[in-house]
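Make the full structure from the sequences, and use the hints.
When you line the sequence shown up against the numbering used here, it's residues 77 to 185, in that order.
Read the hints as simulated data drawn from the structure, not as lab findings.
Values in this document were obtained by computation on a predicted structure and should not be read as measured data.
Here a beta-carbon is modelled for each residue, glycine too, at the ideal position from N, C-alpha and C.
Please note that a few of the clues may not be correct.
Okay, the calculated beta carbon distance ranges per label pair [unchecked claim]:
#, residue 1, residue 2, range
1, Glu184, Glu130, 37 to 43 angstroms
2, Lys159, Val139, 28 to 34 angstroms
3, Asn115, Lys137, 14 to 20 angstroms
4, Thr98, Lys159, 24 to 30 angstroms
5, Lys179, Lys97, 34 to 40 angstroms
6, Asp117, Ala170, 16 to 22 angstroms
7, Val139, Lys168, 17 to 23 angstroms
8, Asp93, Lys159, 19 to 25 angstroms
9, Glu185, Asp117, 38 to 44 angstroms
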Amino acid sequence: GGKVQVEYIWIGGSGLDLRAKTRTLPKKVESLKDIPNWNYDGSSTGQAEGNYSEIFLKPVKYVRDPFRGGDNILCLCETLNAKTMKPIETNKRAPARETFEAKQVVDEE
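See below:
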């Protein structure tokens with residue numbers, strides 16, 4: 077197959093806005109491992125100070141892109157501090173994931 081576009085999507089600095097940017101990959105994505113991590117300048121979204129503003133995008137879920145079609149995908153991402161690799165304050169998915177993966181919760185299912 078040919079190249080595909082991945083739309084990386086994350087929650088912005090207000091906690092109410094969505095951010096996104098597109099990356100072209102050389103082939104169709106078959107699993108989450110096929111989607112590389114990426115980064116962005118968090119000072120532009122209010123998620124980091126200007127002196128060190130790199131925020132790491134960690135892909136966590138992808139679906140087919142209904143807008144572009146074909147093998148293109150939308151990819152939901154967690155946002156991490158690039159220095160510490162810990163979730164940034166506006167990353168609400170990380171603590172939710174911890175809760176949902178807790179043994180007590182898993183055992184209830």
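How the hints compare with the structure:
no.	hint	verdict
1	Glu184 x Glu130: 37 to 43 angstroms	holds, 38 angstroms
2	Lys159 x Val139: 28 to 34 angstroms	holds, 30 angstroms
3	Asn115 x Lys137: 14 to 20 angstroms	holds, 19 angstroms
4	Thr98 x Lys159: 24 to 30 angstroms	holds, 26 angstroms
5	Lys179 x Lys97: 34 to 40 angstroms	holds, 36 angstroms
6	Asp117 x Ala170: 16 to 22 angstroms	holds, 21 angstroms
7	Val139 x Lys168: 17 to 23 angstroms	holds, 20 angstroms
8	Asp93 x Lys159: 19 to 25 angstroms	holds, 24 angstroms
9	Glu185 x Asp117: 38 to 44 angstroms	holds, 39 angstroms
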